[in-house]
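For the sequence shown, position 3 matches number 3 in UniProt numbering, and the numbering has no gaps at all.
These are computed hints drawn from the structure, not numbers from a lab.
Hints should not be assumed to be uniformly reliable.
Claimed, not checked - Quick list of in silico lysine to any residue cross-link-like pairs, SDA-like style, CA-CA up to 20 Å:
no., residue 1, residue 2
1, LYS53, LYS77
2, LYS77, GLY28
3, LYS77, THR61
4, LYS53, ALA6
5, LYS55, ASP5
6, LYS77, ALA6
7, LYS53, CYS41
8, LYS77, HIS48
9, LYS77, LEU42
10, LYS55, ALA11
11, LYS77, GLU25
12, LYS53, ASP5
13, LYS53, GLY28
14, LYS55, ARG66
15, LYS77, ARG26
16, LYS77, LEU16
17, LYS77, SER7
18, LYS77, ASP5
19, LYS53, VAL64
What the hints assert, rightly or not - The calculated label-pair distances, taken between Cβ atoms and stated as ranges, are:
no., residue 1, residue 2, range
20, PHE79, LYS57, 16 to 24 Å
21, LYS55, GLU29, 34 to 42 Å
22, LYS57, GLY24, 12 to 20 Å
23, HIS23, ILE49, 21 to 29 Å
24, MET51, GLY28, 36 to 44 Å
25, GLY28, ALA65, 15 to 23 Å
26, GLU29, GLY59, 12 to 20 Å
27, ASP5, GLU29, 33 to 41 Å
28, PHE8, PRO69, 34 to 42 Å
29, MET73, HIS23, 13 to 21 Å
30, GLY30, VAL64, 33 to 41 Å
31, ASN58, GLY24, 35 to 43 Å
32, GLU76, SER14, 20 to 28 Å
33, VAL12, ALA33, 16 to 24 Å
In this text, a Cβ means the ideal position worked out from N, Cα and C, and glycines have one as well.
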Amino acid sequence: MSTGDASFEQAVQSWLDEGRVYHGERIGEGNFAEYGHFTQCLWYGTTHIGMGKAKSKNGATYIVARYTPPGNMAGEKPF
Numbered sequence: 001m002s003t004g005d006a007s008f009e010q011a012v013q014s015w016l017d018e019g020r021v022y023h024g025e026r027i028g029e030g031n032f033a034e035y036g037h038f039t040q041c042l043w044y045g046t047t048h049i050g051m052g053k054a055k056s057k058n059g060a061t062y063i064v065a066r067y068t069p070p071g072n073m074a075g076e077k078p079f
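Working from the sequences, and respecting the hints, build out all of it.
Put into C-alpha cells, the structure is as follows:
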C-alpha cells in the first residue's frame, strides 16, 4: 500500500529490495514476511505475472500481483 500514486515499477522495485534480507533459506524459514515478495518475483517455475492497481477513497494505492504457476512453496528454494 502507498499513500501516493505508486507505479507498477515502484511496487516491483520495493519487492526486489527485500532481497537484502534474504540469505538463501528455504521458504518458511527465517522471517518470510520480510522477503516473500522478493522470492516470488524470482521463483524458478513462474512463467506469467499479472498486476493490478486500485486507489481507495482515502487515497491509498494498492498494487497486487498474481503469479502462474504460483511460487513460494514451503520448504523449497526460489531458484
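Hint by hint, here is what the structure shows:
A distance of roughly 28 Å separates the Cα atoms of LYS53 and LYS77; the hinted pair therefore is violated under the 20 Å criterion. A hinted pair counts as satisfied when its Cα atoms are at most 20 Å apart, and LYS77 with GLY28 qualifies at roughly 10 Å. In summary, the hint linking LYS77 to THR61 is not supported, as the alpha carbons are separated by about 31 Å, beyond the 20 Å threshold. Distance restraint check for LYS53 and ALA6: the Cα-Cα separation of roughly 9 Å lies within the 20 Å cut-off, and the hinted pair is therefore satisfied.
Restraint check: the Cα-Cα separation between LYS55 and ASP5 comes to about 8 Å, which is no more than 20 Å; the hinted pair holds. Restraint check for LYS77 and ALA6: the C-alpha separation of about 30 Å exceeds 20 Å, so the hint is violated. Proximity of LYS53 to CYS41 is assessed by CA-CA distance (about 17 Å); at most 20 Å being required, the pair is judged to hold. Simply put, LYS77 and HIS48 have alpha-carbon atoms about 19 Å apart, close enough for the 20 Å limit, and the pair holds.
The suggested pairing of LYS77 with LEU42 holds, with an alpha-carbon distance near 10 Å, which does not exceed 20 Å. For the given pair, LYS55 sits about 14 Å from ALA11 by alpha-carbon distance, which is consistent with the 20 Å threshold. A distance of roughly 7 Å separates the Cα atoms of LYS77 and GLU25; the hinted pair therefore holds under the 20 Å criterion. The straight-line distance between the Cα atoms of LYS53 and ASP5 is roughly 10 Å, inside the 20 Å bound, and the hint therefore holds.
In summary, the hint linking LYS53 to GLY28 is not supported, as the alpha carbons are separated by about 27 Å, beyond the 20 Å threshold. For the hint linking LYS55 to ARG66, the alpha-carbon distance of about 18 Å falls within 20 Å, and the restraint holds. Pair hint LYS77 plus ARG26 holds up; C-alpha atoms about 5 Å apart against a cutoff of 20 Å. Simply put, LYS77 and LEU16 have alpha-carbon atoms about 16 Å apart, close enough for the 20 Å limit, and the pair holds.
At roughly 28 Å between alpha-carbon atoms, LYS77 and SER7 are farther apart than 20 Å, so this suggested pair is violated. Under the criterion of a C-alpha separation no larger than 20 Å, the hint pairing LYS77 with ASP5 is inconsistent with the structure, at around 33 Å. Proximity of LYS53 to VAL64 is assessed by CA-CA distance (about 7 Å); at most 20 Å being required, the pair is judged to hold. Restraint check, PHE79 to LYS57: a C-beta distance of roughly 40 Å breaks the suggested window 16 to 24 Å.
Here the CB-CB span from LYS55 to GLU29 is close to 36 Å, well matched to the stated 34 to 42 Å. Checked against the given bound of 12 to 20 Å, the beta carbons of LYS57 and GLY24, roughly 42 Å apart, lie outside it. A beta carbon spacing of about 24 Å between HIS23 and ILE49 agrees with the range 21 to 29 Å that was offered as a hint. A hinted range of 36 to 44 Å is violated for the C-beta pair MET51 and GLY28, which are about 25 Å apart.
Separation of GLY28 from ALA65 is about 20 Å and conforms to the stated range, judged on CB atoms against 15 to 23 Å. Against the hinted window of 12 to 20 Å, the Cβ-Cβ separation of GLU29 and GLY59 comes to about 37 Å, which falls outside the hint. For the hinted restraint 33 to 41 Å between ASP5 and GLU29, the CB-CB distance of approximately 36 Å keeps it satisfied. Range check, PHE8 to PRO69: about 21 Å between beta-carbon atoms, so the 34 to 42 Å window is missed.
The supplied range of 13 to 21 Å is met by MET73 and HIS23, whose beta-carbon atoms lie about 18 Å from each other. Under the hint 33 to 41 Å, the C-beta atoms of GLY30 and VAL64, about 24 Å apart, miss the expected range. Between ASN58 and GLY24 the C-beta distance comes to about 39 Å, which sits within the given range of 35 to 43 Å. Taking the beta carbon of each, GLU76 and SER14 are about 23 Å apart, inside 20 to 28 Å as hinted.
For the hinted restraint 16 to 24 Å between VAL12 and ALA33, the CB-CB distance of approximately 18 Å keeps it satisfied.
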